[in-house]
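Note that the protein sequences, when read in sequence, are chains A and B.
Under our numbering, the first residue of the first sequence is numbered 235, with each subsequent residue one higher.
Under our numbering, the first residue of the second sequence is numbered 2, with each subsequent residue one higher.
One should not assume that every hint holds.
[What the hints assert, rightly or not] The list that follows gives simulated cross-link-like pairs (lysine-lysine, DSS-like), each with its CA atoms no further than 27 angstroms apart:
(1) LYS303/A to LYS25/B
(2) LYS25/B to LYS120/B
(3) LYS225/B to LYS100/B
(4) LYS25/B to LYS306/A
[To be verified] Chain A is faced by these chain B residues, among others (derived, beta-carbon under 10 angstroms):
(5) LEU36
(6) THR56
(7) MET87
(8) GLN95
(9) THR99
(10) VAL103
(11) LEU107
(12) PRO197
(13) GLU199
(14) PHE207
(15) SER223
(16) LYS225
Honestly, the hints are just simulated from the structure, not real lab data.
A virtual CB, placed ideally from N, CA and C, is assigned to each residue, including glycine.
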Amino acid sequence: MSVEEHRQHVIPTSIYVGIWAILMVLTATTVFASFIELGDWNIVLALTIATIKATLVVLFFMHLYYSSKLTKVTMIAAIFFLFLLLALSMTDYLTRGWLTNPGH
Amino acid sequence: MATSDVEIAEHALQHHFADMDQQKESSTFGMWLFLVTEIMFFGGLFCAYLVYRSTYYQAFVAGSQTMNIWLGATNTAVLICSSLSMALGVRCAQTNRTKMMVVLLLITIVFGFAFLGIKAVEYHEHWTNHQFPGPNFQFEGADAAGVNAQNIQIYFSLYWAMTGLHALHMIIGIGLVTWIVIAGWRGAYGPDYYSPVENVGLYWHFVDLVWIYLFPLLYLISKKHGG
């Protein structure tokens with residue numbers, strides 16, 4: 235096997251700079267949006283923008299887009315289990331007021 | 002295949018790996034697995050934040066509105082810039098430009114210290130305003146807002162814990178990048194062997210990623226929730 239073969243994907247500098255520019259614009263957008271009264275949509279918008287930024291960082295800065303299937307599946311599993319644990323915890327805390335216990 | 006390439010490959014290849022590809026893949030995959038444990042580590046704090054924010058919503062709004070959005074936004078921008086210089090540094094290692102890699106990683110370290118400096122200014126402000134959980138905790142206007150100051154203290158406990166743990170990761174990250182700079186300057190890395198550069202890069206981007214969520218959760222989402 236030649237040395238050339240095991241050289242990893244070299245991503246063009248323009249992609250890194252492009253992703254950086256998008257991240258900066260999204261940061262400005264989310265700060266701007268926080269000053270506008272949107273009710274419940276403030277949190278939805280802020281977390282959506284954060285997730286888009288996080289996805290760009292993971293896919294391009296962290297090269298997940300160019301990584302092996304094993305690495306991709308591992309990351310998806312990690313996010314799945316994080317949400318599973320958060321969701322199961324919240325099923326407890328958010329439903330505590332639903333049932334009443336007569337006499338208490 | 003040139004003779005020098007064989008020498009580099011044989012020197013860098015550890016005996017328990019079949020080839021450089023497998024060695025690199027194993028190393029990077031190990032780093033990803035570590036980052037999965039880090040996601041779960043920070044996940045516990047995010048879960049605590051979710052639980053208490055849903056329970057003491059008004060107290061979290063009151064606490065969150067004392068944050069300086071501009072310092073937080075500046076720090077977000079600083080971290081994104083540091084991630085760019087880190088990513089370009091890894092690229093230089095891939096393309097055998099060691100000097101440029103060292104320069105870019107030094108820039109990354111400077112951004113890292115800038116982040117910690119701005120964070121220190123914020124911490125100092127909170128500290129002098131008695132916004133540190135404990136016996137000296139005070140929150141002016143809590144009664145006027147109809148909020149129990151004790152519950153605002155929970156917001157600040159989580160604020161200090163989450164940003165503190167993040168800052169600790171930044172300090173460790175700066176240490177790791179410094180190590181890469183020194184080893185890189187001595188010529189340890191090149192296109193055939195740069196796994197340590199890549200893995201420290203992954204760590205740095207992960208720390209950036211945590212802040213991408215901390216910033217909206219702690220600074221932004223309660224800005225317009227007065228009622």
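Each hint tested on the structure:
The suggested pairing of LYS303/A with LYS25/B holds, with an alpha-carbon distance near 15 angstroms, which does not exceed 27 angstroms. Of the supplied pair hints, the one linking LYS25/B and LYS120/B is violated, its CA atoms being roughly 36 angstroms apart against a limit of 27 angstroms. Restraint check for LYS225/B and LYS100/B: not satisfied, since their Cα atoms lie roughly 48 angstroms apart, outside the 27 angstroms limit. Straight-line distance between C-alpha atoms of LYS25/B and LYS306/A comes to about 16 angstroms, which keeps the hinted pair within the 27 angstroms bound.
The beta carbon of LEU36/B comes within 8 angstroms of a beta carbon in chain A, closer than 10 angstroms, and the hint placing it at the interface holds. About 7 angstroms separates the beta-carbon of THR56/B from the nearest beta-carbon of chain A, less than 10 angstroms, and the hint is met. Contact between MET87/B and chain A, as hinted, is supported at the beta carbon level, the nearest pair being about 8 angstroms apart and thus within 10 angstroms. A distance limit of 10 angstroms between C-beta atoms decides the matter here; for GLN95/B the minimum to chain A is near 5 angstroms, and the interface restraint holds.
Because the smallest distance between the Cβ of THR99/B and any Cβ of chain A comes to about 15 angstroms, over 10 angstroms, the interface hint for this residue is violated. The beta carbon of VAL103/B comes no nearer than 17 angstroms to any beta carbon in chain A, farther than 10 angstroms, and the hint placing it at the interface is violated. At a threshold of 10 angstroms, the smallest CB-CB gap from LEU107/B to chain A is about 18 angstroms, leaving the interface hint violated. Interface hint status for PRO197/B: violated, as the beta-carbon distance to the closest one in chain A is roughly 14 angstroms, over 10 angstroms.
Nearest Cβ of chain A to the Cβ of GLU199/B: about 8 angstroms, under the 10 angstroms cut. The hint holds. This hint holds: PHE207/B has a C-beta 8 angstroms from the nearest C-beta of chain A, less than the 10 angstroms allowed. Given hint, SER223/B at the interface with chain A, holds; its Cβ is 8 angstroms from that chain's nearest Cβ, closer than 10 angstroms. Given hint, LYS225/B at the interface with chain A, holds; its Cβ is 5 angstroms from that chain's nearest Cβ, closer than 10 angstroms.
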